[in-house]
Amino acid sequence: MKKIGAVILLITMCLGLIGSTSGCKKEETRELNFFNWTEYMPQELIDKFQKETGIKVNYSTYSSNEEMYAKVTAAPGVYDMVVATDYMVDIMVKQSMLEEINKDNIAKIGNYGAAYMDQSFDPGNVYTLPYMAGSVLMVYNKTMIDKPIETYADFWDESLKDNTVVLDDQRAIIGMALKKLGYSINETDEAILALAVEELKTLKRNIKAFDSDSPKSLLISGEVAAGYVWSAEAVLAQNENSNLVVVIPEEGTYLFQDNFAIPKGAKNKDEAEAFINFMLDPENGKVFSESRPYSNPNAAVLELLSEDMKNNKAVYPPDSFFEVSEFVLDLGETTLVYDEMWTKFKQE
Amino acid sequence: MDNVVEQKKMKNTMKKRTRQSIFITIGPVYTWMTLFLTVPLLLIVVISFMQRGLYGGIVYEPTIKNYVALIDPMYMKVFGTSLIIAIGTTILCLLIAYPFSYFLVKVSNKYRNILMLLIIIPFWTNSLVRVYAWIVLLRSEGVINTILLNVKFIDEPIKMLYSYGAIFLGMIYTLLPFMILPLYSSIEKLDVALLEAADDLGASTWQTFRHVTLPLTIPGIIAGSLLVFIPSLGYFFIPDLMGGGKHMIIGNLIKNQFLTARNWPFGSALALILILITLGFVMIYLKLVGGDKDDMGVM
Numbered sequence: 001m002k003k004i005g006a007v008i009l010l011i012t013m014c015l016g017l018i019g020s021t022s023g024c025k026k027e028e029t030r031e032l033n034f035f036n037w038t039e040y041m042p043q044e045l046i047d048k049f050q051k052e053t054g055i056k057v058n059y060s061t062y063s064s065n066e067e068m069y070a071k072v073t074a075a076p077g078v079y080d081m082v083v084a085t086d087y088m089v090d091i092m093v094k095q096s097m098l099e100e101i102n103k104d105n106i107a108k109i110g111n112y113g114a115a116y117m118d119q120s121f122d123p124g125n126v127y128t129l130p131y132m133a134g135s136v137l138m139v140y141n142k143t144m145i146d147k148p149i150e151t152y153a154d155f156w157d158e159s160l161k162d163n164t165v166v167l168d169d170q171r172a173i174i175g176m177a178l179k180k181l182g183y184s185i186n187e188t189d190e191a192i193l194a195l196a197v198e199e200l201k202t203l204k205r206n207i208k209a210f211d212s213d214s215p216k217s218l219l220i221s222g223e224v225a226a227g228y229v230w231s232a233e234a235v236l237a238q239n240e241n242s243n244l245v246v247v248i249p250e251e252g253t254y255l256f257q258d259n260f261a262i263p264k265g266a267k268n269k270d271e272a273e274a275f276i277n278f279m280l281d282p283e284n285g286k287v288f289s290e291s292r293p294y295s296n297p298n299a300a301v302l303e304l305l306s307e308d309m310k311n312n313k314a315v316y317p318p319d320s321f322f323e324v325s326e327f328v329l330d331l332g333e334t335t336l337v338y339d340e341m342w343t344k345f346k347q348e
Numbered sequence: 001m002d003n004v005v006e007q008k009k010m011k012n013t014m015k016k017r018t019r020q021s022i023f024i025t026i027g028p029v030y031t032w033m034t035l036f037l038t039v040p041l042l043l044i045v046v047i048s049f050m051q052r053g054l055y056g057g058i059v060y061e062p063t064i065k066n067y068v069a070l071i072d073p074m075y076m077k078v079f080g081t082s083l084i085i086a087i088g089t090t091i092l093c094l095l096i097a098y099p100f101s102y103f104l105v106k107v108s109n110k111y112r113n114i115l116m117l118l119i120i121i122p123f124w125t126n127s128l129v130r131v132y133a134w135i136v137l138l139r140s141e142g143v144i145n146t147i148l149l150n151v152k153f154i155d156e157p158i159k160m161l162y163s164y165g166a167i168f169l170g171m172i173y174t175l176l177p178f179m180i181l182p183l184y185s186s187i188e189k190l191d192v193a194l195l196e197a198a199d200d201l202g203a204s205t206w207q208t209f210r211h212v213t214l215p216l217t218i219p220g221i222i223a224g225s226l227l228v229f230i231p232s233l234g235y236f237f238i239p240d241l242m243g244g245g246k247h248m249i250i251g252n253l254i255k256n257q258f259l260t261a262r263n264w265p266f267g268s269a270l271a272l273i274l275i276l277i278t279l280g281f282v283m284i285y286l287k288l289v290g291g292d293k294d295d296m297g298v299m
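Protein chains in written order, with our numbering: chain P, 1 to 348; chain U, 1 to 299.
Simulated from the structure, these hints should not be mistaken for laboratory data.
Check each hint, because a few of them may be wrong.
[To be verified] Here are the computed lysine to aspartate or glutamate pairs in the EDC-like style, where the Cα-Cα straight-line distance is at most 20 Å:
| no. | chain 1 | residue 1 | chain 2 | residue 2 |
| --- | --- | --- | --- | --- |
| 1 | P | Lys344 | P | Asp154 |
| 2 | U | Lys255 | P | Glu303 |
| 3 | U | Lys77 | P | Glu340 |
| 4 | P | Lys313 | P | Asp270 |
| 5 | U | Lys77 | P | Asp319 |
| 6 | U | Lys255 | P | Asp169 |
| 7 | P | Lys161 | U | Glu141 |
| 8 | P | Lys344 | U | Glu141 |
| 9 | U | Lys159 | P | Asp162 |
| 10 | P | Lys142 | U | Asp72 |
| 11 | P | Lys201 | P | Asp213 |
| 12 | U | Lys189 | U | Asp199 |
| 13 | U | Lys159 | P | Glu158 |
| 14 | U | Lys255 | P | Asp213 |
| 15 | U | Lys65 | P | Asp169 |
| 16 | U | Lys255 | P | Asp162 |
| 17 | P | Lys142 | U | Glu141 |
| 18 | U | Lys255 | P | Asp339 |
| 19 | P | Lys161 | U | Glu156 |
| 20 | U | Lys77 | P | Asp330 |
| 21 | U | Lys255 | P | Glu100 |
| 22 | U | Lys255 | P | Asp189 |
| 23 | P | Lys48 | P | Glu31 |
| 24 | U | Lys255 | P | Asp330 |
| 25 | U | Lys65 | P | Asp339 |
| 26 | P | Lys147 | P | Glu39 |
| 27 | P | Lys267 | P | Glu100 |
| 28 | U | Lys65 | P | Glu67 |
| 29 | P | Lys204 | P | Glu283 |
| 30 | P | Lys286 | P | Glu39 |
Remember, it's a predicted structure, so these values are computed and weren't measured experimentally.
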């Protein structure tokens with residue numbers, strides 16, 4: 001027993017030693033605990049930021065807004081910066097979970113394009129600044145289809161039977177049915193939702209697979225003739241397979257904008273703001289946009305991008321597109337109705 | 001007198017020692033299980049009787065509406081689909097695994113080891129990765145279709161992926177070892193003398209199998225079925241990836257409650273029902289084999 005006791009004592013002493021030395025270090029180096037979506041930041045940029053500023057980035061990732069929300073609620077003060085999508089910003093602001101951003105620390109704030117600022121979920125950008133934006137678009141393979149897809153109604157066409165891939169996302173797909181009928185994707189009137197249910201029944205016939213993770217692979221390989229997928233996936237798919245055509249639905253579609261936000265209780269607020277400023281540098285924004293074709297809110301980046309990318313309407317759509325498209329809103333109790341519709345839709 | 005006192009003292013210290021060693025050896029496991037199994041389980045039970053908050057939090061006001069909602073035919077159908085997939089997988093696994101395990105027992109030692117190794121090795125790779133491998137094989141422009149097209153065996157690609165067939169293939173592929181291992185241990189224990197006796201008494205091969213082999217391997221069959229049935233109820237990633245996510249099963253439904261609908265209380269109620277169904281089957285198992293848990297012990 002004595003021996004064991006001695007060993008345990010030795011181990012704890014060693015651990016204490018390790019703990020104290022790293023503790024000392026912590027005070028010297030500045031840190032940033034950055035919590036972001038998976039696959040949403042080139043490592044190259046993090047390395048560059050660390051080198052330029054000497055701030056150590058502790059990078060961790062999540063795969064849904066809800067996961068981020070749950071973790072930030074459970075452990076306040078752990079994350080200095082998160083990337084929240086529009087509706088989640090709305091929820092977090094309403095629950096006063098976010099710090100106000102000190103814009104004096106963000107010298108390059110003028111680089112933001114006006115279209116991405118002052119959005120409904122955070123008027124005046126008090127709590128958030130744009131990260132990236134995108135939408136859900138239709139894609140079709142011109143060699144596998146007789147007549148081109150132009151509207152949502154074409155996506156419902158019988159000729160596409162068992163030949164499409166769509167996102168495994170209830171708001172996107174129920175929203176698509178609502179848009180086809182000419183309603184808002186945030187509809188809460190149950191009579192109108194019942195109409196959408198009927199539309200979904202017919203749509204199911206055309207769906208070969210639901211895939212939110214990598215729908216582009218089915219489109220690239222020719223497994224399906226058409227899809228309704230994230231805009232960045234659509235562009236990446238088109239880069240791989242030139243037979244694919246990206247369609248911007250004239251009825252409008254599901255828009256999203258992800259945003260930098262600093263949770264209440266963050267210990268390294270200045271470092272977080274330094275990172276936002278870093279991302280606003282045109283050269284850094286360019287690095288991001290070249291690997292990930294989202295709509296970059298950094299207007300200064302546009303001049304540096306290739307003609308192809310700059311003029312790609314799927315990445316930088318015309319203004320008319322924004323007039324008919326919508327962000328998803330948090331629907332409160334109606335969320336449960338949407339979930340029931342979705343279960344029924346999948347079950348039939 | 002002194003001796004007695006001494007003895008008593010020794011006994012006491014012995015007792016103390018054993019108690020101490022019990023505490024040291026079992027204590028950590030108990031603490032671990034209590035903290036990470038019992039407490040979360042109780043939490044699920046409690047949450048399942050609460051209400052959903054406006055932003056998906058939990059409002060601590062007791063209600064039974066989460067259980068009342070379950071009676072909806074829509075959710076019954078989800079349970080139905082899950083059960084059909086689970087039962088189908090179990091039966092098919094049994095039909096494939098039984099002859100194989102029988103063969104495994106009969107074959108010589110050298111081959112048996114190789115065959116066993118072949119069953120175990122895939123375990124070293126994550127099942128998700130192996131399911132992706134199947135997708136590469138099965139899709140329209142996949143390996144199998146390309147080969148068949150090139151040798152002019154078919155004119156256009158066969159649709160294999162994103163169907164019930166693909167779901168069953170994925171399930172059986174992933175879960176087959178769980179059926180083979182208990183069956184093997186059960187068949188291996190079979191007393192050859194009994195088979196010889198049946199043969200001596202003039203029983204045909206079928207009769208021997210039907211009246212001797214089969215009844216004696218029932219524990220293995222039930223253990224294997226249980227080990228396949230329970231996970232197949234919850235493996236939502238296989239219907240998602242190989243079935244194209246077109247079928248809602250309990251696993252997806254629970255996942256949706258926690259992530260998209262942000263309705264933790266209802267999700268907890270669903271999870272609890274799933275646990276109860278599983279427990280029900282374990283109880284049946286214990287009753288049928290009379291509490292012999294050895295056969296569950298795989299090897």
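Going down the list of hints, with the structure as the test:
no.	hint	result
1	Lys344(P) x Asp154(P)	24 Å, violated
2	Lys255(U) x Glu303(P)	43 Å, violated
3	Lys77(U) x Glu340(P)	13 Å, holds
4	Lys313(P) x Asp270(P)	36 Å, violated
5	Lys77(U) x Asp319(P)	45 Å, violated
6	Lys255(U) x Asp169(P)	13 Å, holds
7	Lys161(P) x Glu141(U)	18 Å, holds
8	Lys344(P) x Glu141(U)	32 Å, violated
9	Lys159(U) x Asp162(P)	10 Å, holds
10	Lys142(P) x Asp72(U)	43 Å, violated
11	Lys201(P) x Asp213(P)	24 Å, violated
12	Lys189(U) x Asp199(U)	18 Å, holds
13	Lys159(U) x Glu158(P)	18 Å, holds
14	Lys255(U) x Asp213(P)	16 Å, holds
15	Lys65(U) x Asp169(P)	26 Å, violated
16	Lys255(U) x Asp162(P)	26 Å, violated
17	Lys142(P) x Glu141(U)	17 Å, holds
18	Lys255(U) x Asp339(P)	12 Å, holds
19	Lys161(P) x Glu156(U)	17 Å, holds
20	Lys77(U) x Asp330(P)	28 Å, violated
21	Lys255(U) x Glu100(P)	33 Å, violated
22	Lys255(U) x Asp189(P)	26 Å, violated
23	Lys48(P) x Glu31(P)	15 Å, holds
24	Lys255(U) x Asp330(P)	19 Å, holds
25	Lys65(U) x Asp339(P)	16 Å, holds
26	Lys147(P) x Glu39(P)	35 Å, violated
27	Lys267(P) x Glu100(P)	14 Å, holds
28	Lys65(U) x Glu67(P)	26 Å, violated
29	Lys204(P) x Glu283(P)	44 Å, violated
30	Lys286(P) x Glu39(P)	16 Å, holds
Consistency with the previously given hints fails for numbers 1, 2, 4, 5, 8, 10, 11, 15, 16, 20, 21, 22, 26, 28, 29, ordered from lowest to highest.
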